[in-house]
Amino acid sequence: MTPGKMIQSLSGWLVNVSIAMTALRTNLMRSILTMLGVMIGVFAVTLAVAVGAGAQSSVIQSVNALGSNMAIIVPEPDVGGGRRAFDRGRLTMRDARAIKKQIPGVLYLAPQLRSTIQIVAAGNNTTTNAVGSTADFAPVTNSAVQTGRFIDEADERSAARVVVIGSTVAEALFGNFDPVGQTVRINRIPFTIIGLLESKGSNFGSDNDDTAIMPISTMRQRFNGDTLSGPDDLNLLFVGFEDASSLVESKISITQLLSERYNVEEKGTNPFTVRTTEEFLEQTGEITAIFQIVLVAIASISLLVGGIGIMNIMLVSVTERTREIGLRMALGAKRSDIRNQFLVEAAVLCIIGGIVGLQLASAVGYAMTTYAGFLVPIGLSVALGAIIFSACIGLVFGGYPAVRASRLSPIEALRSE
Amino acid sequence: MTQKLVETRNLVKTYVLGSETINAVNGVSLSIERGEYVAIMGTSGSGKSTFMNMIGCLDTPSSGEVLIDAIPTSDRDSDALAKLRNEKIGFVFQQFNLLARTSALDNVAVPLIYAGQPSAKRQEKSAAKLTAMGLGDRLDHTPAKLSGGQQQRVAIARALVTEPLILLADEPTGALDSRTSDDIMAIFQELNAQGITIIVVTHESEVADHAKRRIEFRDGKVIEDRMVTNRLIAKTRKDTL
Numbered sequence: 001m002t003p004g005k006m007i008q009s010l011s012g013w014l015v016n017v018s019i020a021m022t023a024l025r026t027n028l029m030r031s032i033l034t035m036l037g038v039m040i041g042v043f044a045v046t047l048a049v050a051v052g053a054g055a056q057s058s059v060i061q062s063v064n065a066l067g068s069n070m071a072i073i074v075p076e077p078d079v080g081g082g083r084r085a086f087d088r089g090r091l092t093m094r095d096a097r098a099i100k101k102q103i104p105g106v107l108y109l110a111p112q113l114r115s116t117i118q119i120v121a122a123g124n125n126t127t128t129n130a131v132g133s134t135a136d137f138a139p140v141t142n143s144a145v146q147t148g149r150f151i152d153e154a155d156e157r158s159a160a161r162v163v164v165i166g167s168t169v170a171e172a173l174f175g176n177f178d179p180v181g182q183t184v185r186i187n188r189i190p191f192t193i194i195g196l197l198e199s200k201g202s203n204f205g206s207d208n209d210d211t212a213i214m215p216i217s218t219m220r221q222r223f224n225g226d227t228l229s230g231p232d233d234l235n236l237l238f239v240g241f242e243d244a245s246s247l248v249e250s251k252i253s254i255t256q257l258l259s260e261r262y263n264v265e266e267k268g269t270n271p272f273t274v275r276t277t278e279e280f281l282e283q284t285g286e287i288t289a290i291f292q293i294v295l296v297a298i299a300s301i302s303l304l305v306g307g308i309g310i311m312n313i314m315l316v317s318v319t320e321r322t323r324e325i326g327l328r329m330a331l332g333a334k335r336s337d338i339r340n341q342f343l344v345e346a347a348v349l350c351i352i353g354g355i356v357g358l359q360l361a362s363a364v365g366y367a368m369t370t371y372a373g374f375l376v377p378i379g380l381s382v383a384l385g386a387i388i389f390s391a392c393i394g395l396v397f398g399g400y401p402a403v404r405a406s407r408l409s410p411i412e413a414l415r416s417e
Numbered sequence: 001m002t003q004k005l006v007e008t009r010n011l012v013k014t015y016v017l018g019s020e021t022i023n024a025v026n027g028v029s030l031s032i033e034r035g036e037y038v039a040i041m042g043t044s045g046s047g048k049s050t051f052m053n054m055i056g057c058l059d060t061p062s063s064g065e066v067l068i069d070a071i072p073t074s075d076r077d078s079d080a081l082a083k084l085r086n087e088k089i090g091f092v093f094q095q096f097n098l099l100a101r102t103s104a105l106d107n108v109a110v111p112l113i114y115a116g117q118p119s120a121k122r123q124e125k126s127a128a129k130l131t132a133m134g135l136g137d138r139l140d141h142t143p144a145k146l147s148g149g150q151q152q153r154v155a156i157a158r159a160l161v162t163e164p165l166i167l168l169a170d171e172p173t174g175a176l177d178s179r180t181s182d183d184i185m186a187i188f189q190e191l192n193a194q195g196i197t198i199i200v201v202t203h204e205s206e207v208a209d210h211a212k213r214r215i216e217f218r219d220g221k222v223i224e225d226r227m228v229t230n231r232l233i234a235k236t237r238k239d240t241l
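Each protein sequence line maps, in turn, to chains A and B. For what it's worth, the working numbering labels the leading residue of the first sequence as 1, then goes sequentially. For what it's worth, the working numbering labels the leading residue of the second sequence as 1, then goes sequentially.
In short, the hints are calculated from the structure, not lab data. Check the hints yourself; a few may be wrong.
As the list claims (entries may be wrong) - Calculated lysine-lysine pairs in the DSS-like style (CA-CA distance at most 25 Å, straight line):
1. B:88 with A:334
2. B:121 with A:334
3. B:4 with B:235
4. B:88 with B:212
5. A:334 with B:83
6. B:121 with B:88
7. A:251 with A:100
8. B:235 with B:212
9. B:212 with B:4
Whenever a hint applies, use it, and build me the whole structure from the sequences.
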C-alpha cells in the first residue's frame with residue numbers, strides 16, 4: 001500500500017467515524033440505552049477480573065506472611081476425613097534436631113507449641129493464640145518487632161516469663177500505650193512484655209496480629225495441660241531453608257527421614273504432613289484461578305447480553321435507514337463502504353460504553369480497596385483489555401447487521417419507505 | 001462528433017409476481033448521445049422508471065445490455081458499478097433524498113467521500129457547486145431549514161459534484177410547485193447548455209417539453225421517440241440566484 005493510499009483509507013475510516021457519530025447523535029436516547037448494556041457488561045467483567053487478581057495477590061501476601069522458603073511439618077496424616085488419635089505421629093524435639101543435622105540447607109528451626117491463652121492487664125483481658133517457639137521463629141515467619149525485642153536463646157534456656165505480643169493484643173490491653181515493659185498475667189502467672197510485633201495485617205478474616213509469642217520452654221512448663229503425650233513433643237515444626245530452589249528435594253528428604261525414624265514402612269500410612277510454602281502458593285493459586293474463571297464467566301453473560309443489545313439496535317438502525325443506504329449506494333458507496341459504516345457505528349457504541357464501564361469499575365474498585373480493605377487492582381493491561389474487548393464485541397455483534405446492510409440491492413433500498 | 005453515451009440493446013426486465021410474469025421493460029434498444037436532453041415519458045407502470053434504474057446501474061437487467069460511455073455493464077461486479085455511478089452518473093430524485101440533520105455542504109460532499117477525496121477538497125468542491133446553485137449563503141443549513149426548491153438544488157449540486165457525464169433525474173419536479181419547477185427546468189437547460197447530458201423521467205408533458213428529445217414508454221416498450229418541437233425555454237433563474 002502506498003503512503004497516499006494509506007492516508008486515503010485512513011481518512012475513509014475517519015469519515016466513517018464522523019458518519020457514525022452523527023447517526024448516534026441523531027438517536028441519542030437509543031444510543032445511550034444501547035451503550036448501557038455494553039457498559040454494564042464491561043463494568044462486570046472488569047470488576048470480576050480485578051477482584052480475582054486482588055484475591056490472588058491477597059493469597060500470595062498471606063502465604064508470604066506465613067513465611068518464605070519454609071517447610072511446615074505437622075504430626076498429622078495427610079488424609080481426608082476425620083482423624084483418629086492413634087494415626088497421629090509424635091513429632092519431637094529430637095526429630096527437629098535430626099532434621100537440622102541431616103538435611104542440607106537448613107537455616108532456621110522453629111519448633112512450636114500452640115495454645116489458647118487469656119491475658120489480663122490493667123483491668124482489661126483478651127484471649128489470643130499463643131505460640132511457644134524459639135528465636136528462629138522471627139526470621140522463618142518474616143516477623144519483626146516494632147518496639148522492644150524478640151525472644152532469644154537466653155529466654156529459652158531459662159524458661160523466662162516473657163512474651164512478645166501482636167498489635168491486636170496490645171490494643172485490647174493497653175490501647176495506644178507502648179506495652180513494652182508492662183507486666184501482664186497469663187492464666188494468673190505474671191509475664192513481662194518484651195516486644196511488640198510489627199503488624200502483618202489480616203487475610204481472609206484471620207488477623208495475623210492477634211498473637212502472643214513466648215519461649216517454647218516457658219510454654220511447656222506453664223501451659224502443658226493439653227493433649228501432647230510426651231515431654232518433648234511438638235505441635236508444629238517450621239524449617240527455614242537458605243533458598244527456595246531446593247524446597248522440593250528438601251521436602252522429600254524430610255519425609256524420608258521421618259519415615260525412617262518412625263518405621264512408616266510397617267505402618268503403611270505416613271503420620272506426618274510435610275508442606276512447603278511453595279505448595280501453599282501453588283494450591284491457593286489454583287483455587288483463586290478457578291474462582292476468577294467462574295467470576296469472569298458469570299460477568300461475561302452480562303457482556304453477551306449487552307452485545308445482543310447492540311446487534312438488535314443495529315438491525316433496527318439498518319432497517320430504518322434502508323433508504324439512506326440505497327442513496328449512498330446510488331452516490332457511489334461500495335458494499336464495503338456501507339458495511340464499514342455500520343461496523344464503525346457498532347464499534348463506537350461499544351468503545352464508548354466500554355470506557356464508561358471501565359471508569360465505573362475503577363471507581364467501585366477504588367471504593368472497595370479504600371473502604372472495605374479488599375484489594376481490587378485495575379491496571380493498565382486490564383483497562384486496555386476492556387476497551388479492546390468492547391471494540392471486538394462491537395465488531396462481532398455489529399458484523400451481521402453491517403453485512404446485511406451491505407447486501408441490500410441499491411434500487412430496492414432506495415424504493416423503501 | 002456524436003458519441004453514444006448511453007446505449008441499450010434489447011433490454012428486458014422481468015418481475016415474477018406470484019404466478020404472473022411481468023415484463024416491466026420488454027426489449028428496449030436505444031441510444032442517447034453526448035449533450036442530449038432526453039425526457040422519458042409514460043404513465044405509471046409503463047416501465048420508464050425501471051428503464052431509468054437500469055441505465056443508472058441501480059438495477060440489473062434480466063437480459064440485454066446497458067453500455068455507459070461505450071462500456072458494457074453486465075459483466076461488472078457491484079464495486080465496479082458503484083465506481084461507475086460515482087464517476088459518470090449524477091442522480092436527482094423526486095423526494096430529494098437528502099440526509100436529515102446534515103448540512104447542505106455535507107450532503108453535497110457525500111459522493112466525494114466515496115470517490116476518496118480528501119476532506120479539504122470535498123469542502124471546496126461542494127461549496128463551489130452549492131454557490132453555483134445559488135445556495136452559497138446556505139452551506140450550513142440542514143434540509144429542514146430549506147424550501148423544497150432549495151432542497152432540490154442541493155440535490156442537483158450533489159449530483160454534479162463529481163463532474164458526471166450524465167444527470168439522471170426521476171420526477172425532479174414531482175414534489176415542487178410550478179414556479180419552483182420552472183427554476184429547476186431552467187437549471188437543467190443551463191447545465192445542458194454547458195454540455196451535460198440530461199435524462200429526465202417524468203409524466204408531466206410540460207417538463208418533457210423543456211427537453212430536446214422525448215421518448216414515450218407504454219407496457220415496457222418505446223412507442224414514440226421524437227425530437228421536441230416548440231421546445232419550452234424556462235425563464236432564467238436570476239431571481240433565485
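Exercise. Check each numbered hint from earlier against the structure, then list the numbers of those it violates in ascending order.
Key: Of the numbered hints given earlier, the structure breaks just one, which is hint 3.
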